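Student: Sequence:
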Amino acid sequence: MRTRFLLLSFCLFCSVCFSQINPDKITIARDTFGVPHIFAATDAEVAYGLAWAHCEDDFEHMQLILIATKARLGEINGKDGAATDYFVQFTKVHGIVERYFERDVTANFKITLQAYVDGLNAYAAAHPKEIKLKGIFPITSKDILAGYQLILTSMIGVPRALECIIKEQPDDYIFNANAGSNEIAMSSAITADSSAYLVINPHVPLEGQASWYEAHVCSEQGWNVYGALVPGMISPAMGCNTKLGWAITFNWPDYVDIYEMEINPKNKNQYKFDGDWYDFEVRNIPLKVKTKLGSITIKKEALWCLYGPAYRTKKGVYALRYNTMFNVKAAEHWFNLGKTTDFVSFNNVMQMQGIPLFNFMYADETDCISYHFNALLPRRNPEYNWQKVVPGNTSKTYWDKFYAPGDLPHKHRPACGYLYNTNNTPFRCTAPSENLREANYNKESAFNWNRTNNRDLRINELMQGKTKITFEEFKKIKYDCTYPKDGGVYKTFKPIYDLKEQDYPDIADAIAKLKKWDFSGSIDNKEAAMAVLTFNYLYTKKNAGYNELETGITYETSLLVEAIRHAKKQLIKYHKTIDVPFGEVQKLIRKDKKLPVPGLPECLMTIASEETKDGHLQAKNGDSFIMFAKFSKKGNTYESVVPFGASRRSSSPHLMDQMELYTKQQTKPVLLEKSKVLQSAARIYHPK
641 MRTRFLLLSF CLFCSVCFSQ INPDKITIAR DTFGVPHIFA ATDAEVAYGL
691 AWAHCEDDFE HMQLILIATK ARLGEINGKD GAATDYFVQF TKVHGIVERY
741 FERDVTANFK ITLQAYVDGL NAYAAAHPKE IKLKGIFPIT SKDILAGYQL
791 ILTSMIGVPR ALECIIKEQP DDYIFNANAG SNEIAMSSAI TADSSAYLVI
841 NPHVPLEGQA SWYEAHVCSE QGWNVYGALV PGMISPAMGC NTKLGWAITF
891 NWPDYVDIYE MEINPKNKNQ YKFDGDWYDF EVRNIPLKVK TKLGSITIKK
941 EALWCLYGPA YRTKKGVYAL RYNTMFNVKA AEHWFNLGKT TDFVSFNNVM
991 QMQGIPLFNF MYADETDCIS YHFNALLPRR NPEYNWQKVV PGNTSKTYWD
1041 KFYAPGDLPH KHRPACGYLY NTNNTPFRCT APSENLREAN YNKESAFNWN
1091 RTNNRDLRIN ELMQGKTKIT FEEFKKIKYD CTYPKDGGVY KTFKPIYDLK
1141 EQDYPDIADA IAKLKKWDFS GSIDNKEAAM AVLTFNYLYT KKNAGYNELE
1191 TGITYETSLL VEAIRHAKKQ LIKYHKTIDV PFGEVQKLIR KDKKLPVPGL
1241 PECLMTIASE ETKDGHLQAK NGDSFIMFAK FSKKGNTYES VVPFGASRRS
1291 SSPHLMDQME LYTKQQTKPV LLEKSKVLQS AARIYHPK
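Residues in the sequence shown are numbered consecutively from 641, following my numbering.
Just so you know, the hints here were simulated from the structure itself, not pulled from any lab data.
None of these values were measured; they are calculated from a predicted model.
One thing to keep in mind: the hints can contain errors.
No farther apart than 20 Å at their CA atoms in a straight line, the calculated lysine-lysine pairs in the PhoX-like style are these [stated by the list, open to error]:
1) Lys954 - Lys908
2) Lys1209 - Lys1253
3) Lys1208 - Lys1253
4) Lys782 - Lys769
5) Lys665 - Lys1314
6) Lys1208 - Lys1233
7) Lys883 - Lys908
8) Lys883 - Lys1314
9) Lys1125 - Lys1155
10) Lys1134 - Lys1041
11) Lys1181 - Lys1134
12) Lys954 - Lys1116
13) Lys1166 - Lys1227
14) Lys912 - Lys1116
15) Lys1213 - Lys1166
16) Lys1260 - Lys1227
17) Lys1166 - Lys1216
18) Lys939 - Lys710
19) Lys1041 - Lys719
20) Lys710 - Lys930
21) Lys1083 - Lys1125
22) Lys1083 - Lys1041
23) Lys719 - Lys807
24) Lys1304 - Lys1166
25) Lys710 - Lys772
26) Lys1253 - Lys883
27) Lys1209 - Lys1233
28) Lys1233 - Lys1304
29) Lys930 - Lys719
Make a model of the complete structure from these sequences and hints.
Tutor: Here is the structure:
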């Protein structure tokens, strides 16, 4: 009886929530690759349709972000999930949304946001057997904004800072990402056909929660954009509309500060600030954890002070302060970008400062290109070293103001005609003669945490001496899979040249092969497999990762020899020879389909792979969404590709129908005109 009552209550709730949206007024047109194009009169109706279509393709991951946001991931993922649940509550994700919701979210956007929520709830109500965890639905608008808050707070480095505190090594905190992205724009000053070019190329895991989903949203209220988003986003994070496009890449200056609190020796729950004692807010957070013996509930302390969340260790109490604590505008900021029509309107939207990070690259049909190091960066007291722990007992370290967008690194319409970012320093974004001067910007923000990297160096190699570039040449730059002559990878590889084959007769052939490598990761390269397997072994043994690809690593000769022996053994065991084309070893794999794929970690065509049990290198991270745009007087054209397909459902014909295109560096055309989309659509229906 109780189950029936709850189900009835859920259905009644859903009927009330989306009674204002008529699914019959919403059209979902699936193109031949299954990509959804959602058409309706209003933004709200389109948002409803987007939510429905995304659930059709990936309800599993849509639910996972909602489960995480509601701090219930431990109920399905055990201890690891509980760690996320603690983080959600430790950082008061929902509390921040509650605090700023009325202030930050406009009335018009609330309507669109609610419609998106209604679409999710409607899909859940219609497909109850697909729901992974009871009590997640129905969701609210605030749950969606809490999802943005959780993801962005994670992206700016707070988990890493908390980890350093827990390990009692807070001074070791440095914000470094473990993945990268590319963005390049060119104007008629360098393009052969006088068009403006843009490539959008984020690098994240090819599958899973963070993988990109492409969609086209089109209303009669000026929202017409095609791009990529992740589950829980109500609009593309990057993409193109009929007049312009933008790309984003990760940036990581210092967004997070760690404070050492002065504790009252007579009361461990009090801290001193400007000579007075203040009480911590002390909470015991309940965490429900799935175990082999069933679910258990544990409680873990969390503190809050005037700086923000705080954590107690044996060495003291440390507090955190970071930029995502101050607004919940990100969802609306991204939504508004899709409705811009020129650089002036785009730049006006960027003044919202709702999106707290990312380099933005812009191009449009007026031949305008622009780069902006977007970051919500605090104005800090220059008397302190903010890249180390600072005292938490004085207002001198308390900040609540931020630099305006115009105060941050940006470059507009360079004379050379090109701009780029590869997660590198913002002070290398164009031709050397036009680069920004680091001395013109504040030192407290740690702009130097974004370094020069292999992709940055390679772009400069490829651009050297170029005066005019065709669109096909532009694509070749993006798909280039060769490391530069200098950089972290070359520095790591260089000791191989000092090895003498006669000193190691059992691997003399492998050493000789490595010395012949031209630093390319093309599928026909017969030295790349040996190089990648050797590097993988070295990096694993040195506990190194993405950052060390940028900087290079040092190691003992004995370890290098050990790594080469391992690489040779693997190739002989699984491929019978060390003289094997790279494409026979590195594969893009989904289910029983395996295709050769080029690319290397930290090169322009980025592919990071993992060794499989059958001796292959399976592509795991890298080029996760690629979109090319050409803005021309003859008309704008767009094309895109994803690694697998539009759907994550195993039974879908679009689970892996883009794999051939992706592995051959080909794309599919993108249409934004409604009549053309409907004319060529493979399926047209309403979300119900």
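Student: Take the hints in turn and mark each one as holding or not.
Tutor: Tested hints:
no.	hint	result
1	Lys954 - Lys908	holds (12 Å)
2	Lys1209 - Lys1253	holds (14 Å)
3	Lys1208 - Lys1253	holds (16 Å)
4	Lys782 - Lys769	violated (25 Å)
5	Lys665 - Lys1314	holds (15 Å)
6	Lys1208 - Lys1233	violated (26 Å)
7	Lys883 - Lys908	violated (59 Å)
8	Lys883 - Lys1314	holds (15 Å)
9	Lys1125 - Lys1155	holds (14 Å)
10	Lys1134 - Lys1041	violated (46 Å)
11	Lys1181 - Lys1134	holds (18 Å)
12	Lys954 - Lys1116	violated (55 Å)
13	Lys1166 - Lys1227	holds (15 Å)
14	Lys912 - Lys1116	violated (59 Å)
15	Lys1213 - Lys1166	holds (17 Å)
16	Lys1260 - Lys1227	holds (10 Å)
17	Lys1166 - Lys1216	holds (14 Å)
18	Lys939 - Lys710	holds (16 Å)
19	Lys1041 - Lys719	violated (37 Å)
20	Lys710 - Lys930	holds (16 Å)
21	Lys1083 - Lys1125	violated (30 Å)
22	Lys1083 - Lys1041	holds (16 Å)
23	Lys719 - Lys807	holds (18 Å)
24	Lys1304 - Lys1166	holds (18 Å)
25	Lys710 - Lys772	holds (13 Å)
26	Lys1253 - Lys883	violated (48 Å)
27	Lys1209 - Lys1233	violated (26 Å)
28	Lys1233 - Lys1304	holds (15 Å)
29	Lys930 - Lys719	holds (7 Å)
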